[in-house]
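Spelled out from the first residue to the last, the chains are:
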Amino acid sequence: MTTSQPAAVETIPDWKRELDQVGLVRRLLKARHWYGADWWFSVTSGVLLVFIFSVAIFPGFYAPYDPRAEVAPGMIAPGGESFFFVLVSQMGGPTTLDELVGNAVSVGLVAGSQSSQVLRDAAEKRTEELSQQGQTIRIRPRIRRYDNMEQALAALRAGEVTSVVSENTAIDGLLSGTSDLIVGDSLTFASKTPFYLGTNQIGQDLFSRIIWGTRIALLVAFAAALFALAIGVPLGLVAGYWSGRLERSLTMVMDSLYSFPGLILAIAIAAVLGPGIFNIIIAIATLYVPTYYRIVRGQTLSFKQTLYVEAAHSLGARPLEILARYIFPNIIPSLVVIFSVNVADAILTEAGLAFLGLGLPPDTPDWGIDLAAGQDFMRQAWWLVTFPGVMITFVTLAFSMLGESLSEILNPRLQETM
Amino acid sequence: MSKEKDILVQIRDLSVAYSTRAGWVKAVSNVSMDIYPGEILGLVGESGCGKSTLGKALMRLLPSGTEIAGQIIFDGEDILTYNEEQLRDFRGQRVSMIFQDPMTSLNPIQRIGDHFLEAVSVHKSQVEKSKAMVSIQQLGERLGILSRRLNEYPHQLSGGMRQRVMIGLGLVLNASLIIADEATTSLDVIVEAKLVDQLREIRDEFGLTILMITHNIALVAEIADRVAVMYAGEIIEIGSCEKVFDDPLHPYTQGLMQSVPSIRIDLIEVLYKMAGEPPDLTHPPSGCRFHPRCPWVMKICSSHEPDLIEVAPQRFVHCWLFQDHPEKERATIKVRP
Numbered sequence: 133m134t135t136s137q138p139a140a141v142e143t144i145p146d147w148k149r150e151l152d153q154v155g156l157v158r159r160l161l162k163a164r165h166w167y168g169a170d171w172w173f174s175v176t177s178g179v180l181l182v183f184i185f186s187v188a189i190f191p192g193f194y195a196p197y198d199p200r201a202e203v204a205p206g207m208i209a210p211g212g213e214s215f216f217f218v219l220v221s222q223m224g225g226p227t228t229l230d231e232l233v234g235n236a237v238s239v240g241l242v243a244g245s246q247s248s249q250v251l252r253d254a255a256e257k258r259t260e261e262l263s264q265q266g267q268t269i270r271i272r273p274r275i276r277r278y279d280n281m282e283q284a285l286a287a288l289r290a291g292e293v294t295s296v297v298s299e300n301t302a303i304d305g306l307l308s309g310t311s312d313l314i315v316g317d318s319l320t321f322a323s324k325t326p327f328y329l330g331t332n333q334i335g336q337d338l339f340s341r342i343i344w345g346t347r348i349a350l351l352v353a354f355a356a357a358l359f360a361l362a363i364g365v366p367l368g369l370v371a372g373y374w375s376g377r378l379e380r381s382l383t384m385v386m387d388s389l390y391s392f393p394g395l396i397l398a399i400a401i402a403a404v405l406g407p408g409i410f411n412i413i414i415a416i417a418t419l420y421v422p423t424y425y426r427i428v429r430g431q432t433l434s435f436k437q438t439l440y441v442e443a444a445h446s447l448g449a450r451p452l453e454i455l456a457r458y459i460f461p462n463i464i465p466s467l468v469v470i471f472s473v474n475v476a477d478a479i480l481t482e483a484g485l486a487f488l489g490l491g492l493p494p495d496t497p498d499w500g501i502d503l504a505a506g507q508d509f510m511r512q513a514w515w516l517v518t519f520p521g522v523m524i525t526f527v528t529l530a531f532s533m534l535g536e537s538l539s540e541i542l543n544p545r546l547q548e549t550m
Numbered sequence: 643m644s645k646e647k648d649i650l651v652q653i654r655d656l657s658v659a660y661s662t663r664a665g666w667v668k669a670v671s672n673v674s675m676d677i678y679p680g681e682i683l684g685l686v687g688e689s690g691c692g693k694s695t696l697g698k699a700l701m702r703l704l705p706s707g708t709e710i711a712g713q714i715i716f717d718g719e720d721i722l723t724y725n726e727e728q729l730r731d732f733r734g735q736r737v738s739m740i741f742q743d744p745m746t747s748l749n750p751i752q753r754i755g756d757h758f759l760e761a762v763s764v765h766k767s768q769v770e771k772s773k774a775m776v777s778i779q780q781l782g783e784r785l786g787i788l789s790r791r792l793n794e795y796p797h798q799l800s801g802g803m804r805q806r807v808m809i810g811l812g813l814v815l816n817a818s819l820i821i822a823d824e825a826t827t828s829l830d831v832i833v834e835a836k837l838v839d840q841l842r843e844i845r846d847e848f849g850l851t852i853l854m855i856t857h858n859i860a861l862v863a864e865i866a867d868r869v870a871v872m873y874a875g876e877i878i879e880i881g882s883c884e885k886v887f888d889d890p891l892h893p894y895t896q897g898l899m900q901s902v903p904s905i906r907i908d909l910i911e912v913l914y915k916m917a918g919e920p921p922d923l924t925h926p927p928s929g930c931r932f933h934p935r936c937p938w939v940m941k942i943c944s945s946h947e948p949d950l951i952e953v954a955p956q957r958f959v960h961c962w963l964f965q966d967h968p969e970k971e972r973a974t975i976k977v978r979p
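Chains as they are written, first to last, in the numbering used here: chain A, 133 to 550; chain B, 643 to 979.
Incorrect hints may appear among the rest.
[To be verified] Listed below are the simulated DSS-like cross-link pairs for lysine-lysine, each with C-alpha atoms no more than 27 angstroms apart in a straight line:
no.	chain 1	residue 1	chain 2	residue 2
1	A	Lys436	B	Lys885
2	B	Lys941	B	Lys976
3	B	Lys836	B	Lys766
4	B	Lys915	B	Lys885
5	A	Lys436	B	Lys836
6	B	Lys668	B	Lys941
Please keep in mind that the hints were generated in silico from the structure rather than gathered at the bench.
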């Protein structure tokens with residue numbers, strides 16, 4: 133024994149021996165030597181989460197548009213270039229809406245396109261603006277419909293119509309090489325940035341909405357999980373350590389809460405509390421209090437039986453000291469896992485509640501609300517449901533992955549088996 | 643009176659009963675014995691005979707709902723009358739315990755040094771951390787725990803080292819009695835031998851009293867000054883180690899000695915197996931609890947319970963063979979001192 137021990141000590145590599153002397157960050161770095169895949173998992177998800185957090189904290193930096201503004205025509209496909217409608221006229225003809233005044237004015241457009249709606253909306257808007265400035269001009273051009281853009285342009289050249297309204301992308305090819313026609317003003321907001329993820333049915337930029345939605349999702353999920361932790365953990369510790377009437381009644385309450393289907397309970401609470409972000413947080417937190425309570429109570433019960441707690445007793449430690457220094461620190465690794473899984477789950481629940489229209493105002497940029505809205509247009513616009521869904525999956529997955537792998541690394545008891 | 647001052651712990655009529663669904667289990671019944679300062683007292687017996695319960699009763703570490711009757715007089719004070727606050731001072735500072743399994747008796751997520759600091763701060767919260775650490779390092783050196791080791795976690799230590807830490811935790815507060823509850827059971831024989839040596843050294847150096855609870859009779863023979871044998875919740879024989887091992891009086895002790903396997907292979911000897919099973923403590927046998935298994939059983943044994951009497955100086959036996967009773971049909975055996 134005496135002779136074999138020094139040899140055994142030398143076979144332990146230096147980085148492993150140093151491991152306990154360095155701080156948490158260096159320890160995490162060094163841990164990659166023997167955690168392998170687990171380590172890479174946690175680092176990947178950690179980096180991902182750091183990015184997601186930065187998105188949630190500074191959404192204005194990442195989002196090109198105001199998430200609530202209707203910045204473009206609806207239903208632009210992902211990656212859609214700056215997409216707007218322009219007036220096309222003969223050289224010297226009208227280039228702005230204001231010039232389309234009078235009874236003789238007529239505008240050509242392709243039948244079945246969105247141009248007529250865009251023209252009508254833009255004309256109404258401009259008329260209103262002008263009337264506010266004290267001018268009573270009504271912009272109300274007559275509309276002529278053509279089967280396609282070539283016919284419309286031919287009519288324009290023939291003088292049948294004063295101008296043609298067209299999507300900017302549709303006329304690019306037709307106008308190249310000609311000089312008799314000019315492109316006038318845009319009838320809608322002219323965007324600089326492309327719509328990476330398309331626009332929704334009312335013309336809001338989906339990319340910006342998803343970025344702003346991160347903030348709501350993380351805020352609600354984190355607050356709810358923290359709230360549940362703050363209530364469930366002390367209750368679980370107390371109930372596990374001092375068994376008795378209090379423990380029995382607490383367990384009964386928690387078990388009855390636990391036996392409800394989660395989303396239905398959250399719906400009920402959210403419906404009773406009424407709308408508001410804080411109420412949603414309470415509704416979701418209520419769901420997770422029993423999870424913490426049960427796990428912490430169970431672990432307290434089992435750690436209470438361990439010899440080192442008994443040894444602490446035999447050294448004369450007070451119950452609160454035992455709870456705080458012997459039992460609680462041993463529970464932390466499982467709390468990390470439950471917490472991250474709960475955050476992931478809370479994101480899902482929040483999205484579910486928002487999907488059902490509970491709690492948040494309907495114009496809030498939120499993944500659940502976007503999902504619900506996009507659901508009606510699933511056939512025409514796949515991107516409306518896909519991207520919020522992908523985001524929910526992504527963030528949920530990152531949280532679960534981080535929790536699992538972190539618990540492996542932080543728990544010194546698991547090092548024993550390595 | 644002067645003689646009583648030499649006694650560290652006086653246990654008088656101690657009974658401990660656990661409440662179970664099957665009824666009250668009298669794990670310890672009417673035990674009386676003394677523990678002298680500076681001695682190593684071995685407490686042996688089969689599993690479930692109440693050895694550990696007796697040890698825990700000495701620290702009042704029994705679960706709530708357990709009934710304790712009798713007296714445990716420690717340094718002149720009955721600890722059964724202590725309140726929670728007094729008990730906390732008592733535990734650790736005057737008595738400390740070393741547990742069965744060194745693998746699990748240390749907090750896995752606390753460094754070794756913090757265990758020591760914790761033990762100190764529980765009782766002396768005003769002690770400065772750095773000062774305490776110096777004395778802890780000194781104690782560690784005396785026990786063979788390198789100061790580098792104080793920065794390590796329990797899982798990085800070998801079983802023997804952990805047990806040394808446990809002993810150190812008992813010593814750091816200058817406890818006068820250490821209860822070692824099966825402290826060496828999970829160690830291999832070599833580590834066990836080293837630890838036993840160390841326990842003896844520590845006893846000599848610190849003037850400790852050690853109560854060694856074990857079922858390992860060979861170990862007791864090796865280390866203990868006196869030995870107490872327990873059966874079914876009662877002490878049935880106490881005496882000095884040499885006397886009890888050379889000339890066991892109680893039939894149970896005799897059987898126990900014969901059941902110890904010998905390491906010598908040339909001795910072709912059938913190992914003695916005691917007849918019967920240990921009794922169910924919810925319904926213990928009438929009279930002497932050993933009578934259903936006793937080879938010398940008499941009529942009186944099943945009706946009357948013997949006392950633990952001193953048959954020779956410092957030699958106590960709980961058996962009708964050695965005491966008189968008008969209904970006895972056999973002559974009382976006299977024991978030569």
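In rising order, the numbers of the hints this structure does not comply with: Result: hints 1, 3 and 5 break, sorted rising.
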